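Student: Based on the provided sequences and hints, a complete structural model is requested.
From first to last, the protein sequence lines stand for chains B and S. For the first sequence, this note's numbering puts the final residue at 1339, and the numbers step up evenly by one. For the second sequence, this note's numbering puts the final residue at 350, and the numbers step up evenly by one.
Misleading hints may appear alongside valid ones.
[Stated by the list, open to error] These stretches of chain S come out as covered by chain B in the derived footprint (C-beta under 8 Å, 3 or more residues):
#1 49-63
#2 253-261
[To be verified] Taking lysine-lysine pairs in the BS3-like style, the calculated list, with each CA pair at most 25 Å apart, reads:
#3 B/K1338 / B/K1318
#4 S/K349 / B/K1207
#5 B/K1159 / S/K349
#6 B/K1159 / S/K269
[Stated by the list, open to error] Here are the in silico distance ranges between beta carbons for each label pair:
#7 S/R56 / B/G1133: 44 to 50 Å
#8 B/E1241 / S/P293: 56 to 62 Å
#9 B/T1244 / S/G256: 19 to 25 Å
Because the hints were derived from the structure by calculation, they are not lab data. It should be emphasised that the depicted structure is a prediction, and the values quoted were computed from it without experimental measurement. Don't be surprised by glycine CBs; every beta carbon is placed ideally from N, CA and C.
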Amino acid sequence: MIRFKHVSKIYPPNVVGVEGVSLHIRPGEFVSIVGKSGTGKSTLAKLLFAEERPTRGTIEIGGWDITNIHDRDIPLLRRQIGVVFQDFKLLPMKTVYENVAFALQVAGERPKRIREVVPAVLKIVNLEPMTDRYPRQLSGGEAQRVAIGRALVHSPKVLVADEPTGNLDTINTREIVDLLKKINEFGTTVALVTHDREVVNALKKRVITLEDGKITSDVEEGRYKL
Amino acid sequence: MLVSSYRVTRFAFQNFWRNFWLSVITISMLVLTLMTVNILLLLSAVTQQAIGLVEDRIEVSVYFHDSVEQETVDGAVAYLRSLSQVRDVETISAQEAYDQFVARHEGDEQIMASLVELGENPFGPTLVVKAEQAEDFAIILDALENPQFRDAIRDKDFSDYEQIVERIRSTTDRIRAFGIALSAIFLLIAILIVFNTVRMGIFIHREEIGIMRLVGASNGFIKAPFYLEMVLMSLIALSVTLIVLFPILSMLEPQFRVYFATESAGLLAFFTRNGFLIFGLEFLGLVLVCLFSTTLAMRKFLKV
Chain B
1114 MIRFKHVSKI YPPNVVGVEG VSLHIRPGEF VSIVGKSGTG KSTLAKLLFA EERPTRGTIE
1174 IGGWDITNIH DRDIPLLRRQ IGVVFQDFKL LPMKTVYENV AFALQVAGER PKRIREVVPA
1234 VLKIVNLEPM TDRYPRQLSG GEAQRVAIGR ALVHSPKVLV ADEPTGNLDT INTREIVDLL
1294 KKINEFGTTV ALVTHDREVV NALKKRVITL EDGKITSDVE EGRYKL
Chain S
47 MLVSSYRVTR FAFQNFWRNF WLSVITISML VLTLMTVNIL LLLSAVTQQA IGLVEDRIEV
107 SVYFHDSVEQ ETVDGAVAYL RSLSQVRDVE TISAQEAYDQ FVARHEGDEQ IMASLVELGE
167 NPFGPTLVVK AEQAEDFAII LDALENPQFR DAIRDKDFSD YEQIVERIRS TTDRIRAFGI
227 ALSAIFLLIA ILIVFNTVRM GIFIHREEIG IMRLVGASNG FIKAPFYLEM VLMSLIALSV
287 TLIVLFPILS MLEPQFRVYF ATESAGLLAF FTRNGFLIFG LEFLGLVLVC LFSTTLAMRK
347 FLKV
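Tutor: Encoded structure:
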């Protein structure tokens, strides 16, 4: 599904994001990418959805070599990869429904399909009663669920979650992790970037550990070791 | 496609309303630019009208000796009429010239006494030659040097209207040059303002643009509202210009009518007759300038 071969990302003048990273994530896998701050976790995530281009090495997603992906192809890639961030990135002037629908609108989907897909997604993320609320009226966990819902509307093959629980309390964190597990059970590959020890240990899934931009361990059913 | 067009249009209108005052400033600058261009056109129309009127009044009077044969006069008329620079040739016979002279100086006893003392008609036939344009007179005067009738001509009277026309032209050329310079300055300011408007638009919508990119909006979809917004502003600017320009023309028309002593100064007619072409080209030009500026701003500030 996702294959990194000797991938390095060097920021000018000479700052290492990641260096010599090789990994393979299989379809339907749930992988936690862990490490301290500044070890290249987010760079790895950005390389996945082509926010950054590798300096060296190759990246393949579903057989598609995105190493030197053309600008015009990036939107196509991003419709196949859902992305969730720590700060939710919701539009404050739009309701829950509108925020989720927005992803379909800008991709040119027809209103009829939007009316079908959005309620279904809101049901998955358990936000049906809150469709008319604005982001400021939501808790952190609810806002993150909206963001996950928005990431799911294109039925992506991969969901990249970059520190999705970073701003959440324990209860909300558990809710979000449960939701990610549920999405993974539906067959979506999930890459969770986190430094939350408890989350990683509770998941009992594959753990890739980064240190100074390099993979130092890659363990099936791993634990947070740093 | 239709759905996307609708959404792009909606985003463009949102951009417009969210930066309302910035939009107003941009439109004002576009209007100023258009007004300057139209004032230049107006000046051109007025100049043409003035030159036309002056040219219409200028003529060369060719006086023949009183002993000249009618055949020579007819030959000169035929020759002059064959020239493309000649618009009209009027023949005044010796008797008509005498009658006109008498009529003109009826009250001047001294002149009338001199005429009686001469005892005969001192006037020869006269030709009044009108040219197509002021600069044609040099050619007509040269043509009258033809040996066939050069010696039969006593005198040629040519008021130097060419100088008057030249003066009108040089004055209007200077004004036009100033107007063009002013238009260029306004155009440059308009480009900068449009550039800044787009930059502000990108800044205000940076969050939305970021999310659009994140969820897979195409580059065209992200950029299109900015382009459309500028087309919309160009359209509004042109409409405002028309609303301001036509009352001004209506006010100026009677003033120029009196000045030129004609039935119509032709200003309104000029803009009405060529309206589609003039305003169509102005709109097209404005849109191209705005799109150019928008492209520059997006290249610099919009990462898609």
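Student: Are the hints correct? Go through all of them and say.
Tutor: Going through the hints against the structure:
Counting residues of the region 49-63 of chain S whose CB lies closer than 8 Å to any CB of chain B gives 3, so the stated coverage by that chain holds, three being the minimum. With a cut-off of 8 Å between beta carbons, the region 253-261 of chain S has 8 residues touching chain B; three or more are needed, and the interface restraint holds. At most 25 Å may separate the alpha-carbon atoms for a hinted pair to count; B/K1338 and B/K1318 meet this at roughly 14 Å. Taking the CA atoms of S/K349 and B/K1207, the gap is about 23 Å. The hint holds against a cut of 25 Å.
For the proposed pair B/K1159 and S/K349, the alpha carbon gap of about 15 Å is at most 25 Å, so the pair holds. Restraint check for B/K1159 and S/K269: the C-alpha separation of about 23 Å stays at or below 25 Å, so the hint holds. S/R56 and B/G1133 have their C-beta atoms about 47 Å apart, which keeps the hinted 44 to 50 Å range intact. The hinted window of 56 to 62 Å between B/E1241 and S/P293 holds, with their beta carbons roughly 59 Å apart.
Range check, B/T1244 to S/G256: Cβ separation about 24 Å, and the 19 to 25 Å hint holds.
Every hint from the earlier list agrees with this structure, and none is contradicted.
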